[in-house]
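Construct the complete structure from the given sequences, taking the supplied hints into account.
Note that the protein sequences, when read in sequence, are chains A and B.
The opening residue of the first sequence carries number 1 in this note's numbering; numbering runs sequentially from there.
The opening residue of the second sequence carries number 1 in this note's numbering; numbering runs sequentially from there.
Just so you know, these hints were derived from the structure itself, not from any lab.
Every value quoted in this text rests on a predicted model; they were computed, and no experiment measured them.
Ideal Cβ placement from N, Cα and C applies to all residues, glycine included.
Any given hint could be a false lead.
[To be verified] Chain B regions said to be covered by chain A (calculated; three or more residues, Cβ under 8 Å):
| no. | stretch |
| --- | --- |
| 1 | 10 to 17 |
| 2 | 70 to 79 |
[Stated by the list, open to error] Partner residues are not named here, just some residues of chain B that face chain A (Cβ under 7 Å, in silico):
| no. | residue |
| --- | --- |
| 3 | F7 |
| 4 | H48 |
| 5 | V50 |
| 6 | E52 |
| 7 | F65 |
| 8 | P106 |
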Amino acid sequence: GESVGLHLPTLSVQEGDNSIINCAYSNSASDYFIWYKQESGKGPQFIIDIRSNMDKRQGQRVTVLLNKTVKHLSLQIAATQPGDSAVYFCAETPYGNNRLAFGKGNQVVVIP
Amino acid sequence: EAGVTQFPSHSVIEKGQTVTLRCDPISGHDNLYWYRRVMGKEIKFLLHFVKESKQDESGMPNNRFLAERTGGTYSTLKVQPAELEDSGVYFCAGRIRGAGPYSNQPQHFGDGTRLSIL
Chain A
1 GESVGLHLPT
11 LSVQEGDNSI
21 INCAYSNSAS
31 DYFIWYKQES
41 GKGPQFIIDI
51 RSNMDKRQGQ
61 RVTVLLNKTV
71 KHLSLQIAAT
81 QPGDSAVYFC
91 AETPYGNNRL
101 AFGKGNQVVV
111 IP
Chain B
1 EAGVTQFPSH
11 SVIEKGQTVT
21 LRCDPISGHD
31 NLYWYRRVMG
41 KEIKFLLHFV
51 KESKQDESGM
61 PNNRFLAERT
71 GGTYSTLKVQ
81 PAELEDSGVY
91 FCAGRIRGAG
101 PYSNQPQHFG
111 DGTRLSIL
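Okay, here's the thing in structure tokens:
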């Protein structure tokens, strides 16, 4: 798949446990952040987003936390399921909602 | 609603040849973006169209790459001549019409074209 050669950080999590994926960003001018999920052979799939005027946003089984002070973003997945196994990317937009800057990605492996 | 469609899914060509990638965004997505991931690197922005106009092509690596979006619907990305370092996965994304730079509408991606240069 596309992850070959990337040597991504890997998080192994037991099915049913909660997962936390972290992302550090560098541009303090970024004001919109997105988490994407990518399965092998597929494109990035939107999960959840958050604007810089918020520090927390919840979706279905997912929560994104934003700490602008330390430029840190996290994605929490509740009750992780086998279908959650994928590579997760954070992306930021320092130029409005256009030119996305992606992080390196984190591989999540769910153990049944 | 159909998603973003990219064609071909995989292309294998020899160095020096020409390849054209195509992207059909979701209907109504006037904003169209090209990105690519070369081996071992992050996904990187290439360029941004609003309808048929190029808004930002600052990520295009060199003049061997030409993107077009005639009529403001589908887009093509041509690589001529292809070099070994062009190998990677090329993604297209779209974003909804009328969404200003600070809207909360995310970019929706296609499954990409895997380009292999031999």
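Subject >> Index of numbered hints that the structure contradicts, given in increasing order >> reply: 1, 2, 3, 5, 6, 7
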